[in-house]
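K.L.:
One letter stands for each residue in the lines below.
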Amino acid sequence: MDALILQIMNGLDKGAAYALIALGLTLAFGTLGVVNFAHGALFMLGAFCAVTLHKLLTLETVRIDPTQTTPWGSPLEIRTPFVQDLLGDWGRFLIDLSVPVSILLAIPVMLLIGVVLERGLIRFFYKRPHADQILVTFGLAIVLQEIVKQIFGANPIPQTAPEIFSGSLSLTETIVYPYWRIVYLVFSLAVIGAVFAFLQLTTFGMVVRAGMQDRETVGLLGINVERRFTIVFGIAAIVAGVAGVMYTPILPPDYHMGMDFLVMSFVVVVVGGMGSLPGAVLAGFLLGIVQSFASMNEVKALIPGIDQIIIYLVAVAVLLVRPRGLMGRKGVMES
Amino acid sequence: MKHASKLADFALLIGFAVMVALGPVIFEPIGAGYPDLLQKFAIYGIFAIGFNILFGLTGYLSFGHAAFLGVGSYAAVWSFKLVSMDLVPAILLAVLFAGILALAIGYVSLRRSGIYFSILTLAFAQMCYNMAYSVLTPITNGETGLRVLRDDPRVVDAVFGYVSPAPSLFGLQMTGWAGYYVCGAVLVAAFGLSIAVFRSPFGMTLRAIKSNQKRMGFTGYNTRPFLLTAFIISGMYAGLAGALLAAVDPLAGAERMQWTASGEVVLMTILGGAGTLLGPVVGTGMIKYFENIFSSYNDVQLAAIFSFLPDDLRDNVVSVLGMFVGEGWALTLGLLFMLVVIFLPGGIMEGVMRLLRLKHTPKVKSLGDSPQRDAIGESVIEDMPPDDHTSRTRESAKAMRETAS
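Residue numbers (the UniProt record's numbering), protein chains in the order written: chain G, 1 to 335; chain Z, 1 to 405.
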């Protein structure tokens, strides 16, 4: 029983990441009608925002202390991050919190990247076949991840969670759950809630939803749909970016993490139903939990290797039974 | 629909065979006239030709073709281990297994079209890749890669007392020039088969599916068996290429199945020109040639090349260009990918066609193949003078088609 609860909690966590990426993917797809193969790269860029900020904050000043020596006899070098010199204890606090603070960096950066991408590249592809859209964003994903590889190297760069969240919650003897994962879960629920609230409760969101349903009519009403959709693409980039930032303590970011998540989140989108936001979130959590269950030792003993392929099997089963996905609408992407 | 005559097709095939035969001479001036590289051209050319039968004719963009290449490689290596060191059983087994896998994947993936299809094939390929590294390690030998050992039980070889240290074709080694000509012969055969497919009623049906699948349904065609056949054929081509790869380098690893490999064959095909006969081969040649050149450079060599520049400027130039060569080849590849899709969606072949059309009357078309978007417009294009009208007529034909769909 304990193992079961633990797996559900693990699954929620992974599912939260899937759901966030799939949500952004669906946002971009539902508004602009573009399948963005570079969305995983945006997730990765978000993660590297955290890496960058951490690097900036831990830039050190080196001072040689002649009074002390190292065990090798040379003068001791005292390295202090300059933020700490500058701000004292508050600086140390800032370094400790570098991952959550990175969100503040990631939001403007990702918004900028998203808007530039949409205006500079993707808007020229609305009228082109879907194959071209896939290909150009695929090329973009390669370019982005190769640039990151050249700057940060090929090895994963581990990030630490803030100290107050570094422990684990132990409910019982066997259920031990790291605090940071709870933070991630709450955070992603908050982001998902915010996106839905934005779409449902604001005038801007209402126009966007109307545009998703019937772009032409909204345009005829004298509303500049295109500009709003650009902003929505930026928001999708932000969602992917902050999902990446917060995921860094769980998975050390490397340059190809985006592609790994992208394939999964495409499966999530297909299972949830292309163009359906609730479907994307539901399928994200569902597949996350299913995957966790499949990686339980009891299940693996029964069917070896099931944890590697369960997601694809579920996807195939869903598509065979419900070709439009769990919550797909009729007429979306059917031509 | 008017088409290139049988004679022209035959001439194209003969010309192609002569090109392959003279490959060493032709590629000598650009520094590519050595067997290893030419062999790569040939093998990946087969891969791209097969991919083109699916993507070029039906428009279904598969993002998981590397899975078939990988399965072909594994099957071939197992054949080298268990059956014989000879190439023939290896190729047969590789094609068979790739075909079976294509049947399974295609059966499910082809239930959806467009983006769904691309995503499904990508997901299946990733699944195969993951499995090769985990569950299937007894078969694939995981990260180490599957290799041929001296004391493997080669059943057929044992019966005939045939001993060969490396994969061979009836005693002909697969390395050096002999290896190139074996691969080249297979390439010519594969090319001939693809001409046959393009010209056959089956090929026409596939093109019709590409231009308007719905209308095909209305006319009473069940399109799925045709699509599935095309998918299996192109999977078998990939398996064939995989077998040849394994023969050249009998160490099969799962990295051949990665999504980057799938992306590369897509790039080769669209760079050359999807839907044209020669395009995929031309694209393959370009990519493999540039890969070879770019990845062999390093910063020191770059510095030597730009030694005529002032020191400061040279260092800057070298550090910028250094991003694109050596390890950075993947970056160049990605950029190339984007540039081709943005500016030349019809590929090199379309570019060549456009240039030719500027000079001559459209007679030239029979030499190569009809351009990609010719579904309805072709007869119109042939009758029109080769000026602006052509593009306009095509536009209107396209518009008509869209209204119809």
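Hints are computed from structural coordinates only; laboratory data are not their basis. Just to be clear, a hint being listed does not mean it is correct.
[To be verified] Sample of chain G residues facing chain Z (criterion: CB under 7 Å; computed from the structure):
1. Thr70
2. Trp72
3. Val136
4. Ser168
5. Leu169
6. Thr230
7. Gly305
8. Ile309
9. Val316
All C-beta atoms, glycine included, are put in the ideal place defined by N, C-alpha and C.
K.L.:
Work down the list of hints and note, for each, if the structure agrees.
P.N.:
Status of each hint after checking the structure:
| no. | hint | result |
| --- | --- | --- |
| 1 | Thr70 | violated, 35 Å |
| 2 | Trp72 | violated, 34 Å |
| 3 | Val136 | holds, 4 Å |
| 4 | Ser168 | violated, 28 Å |
| 5 | Leu169 | violated, 31 Å |
| 6 | Thr230 | violated, 19 Å |
| 7 | Gly305 | holds, 3 Å |
| 8 | Ile309 | holds, 5 Å |
| 9 | Val316 | holds, 5 Å |
Figure legend: structure checked against the earlier numbered hints; hints not met, in rising order: 1, 2, 4, 5 and 6.
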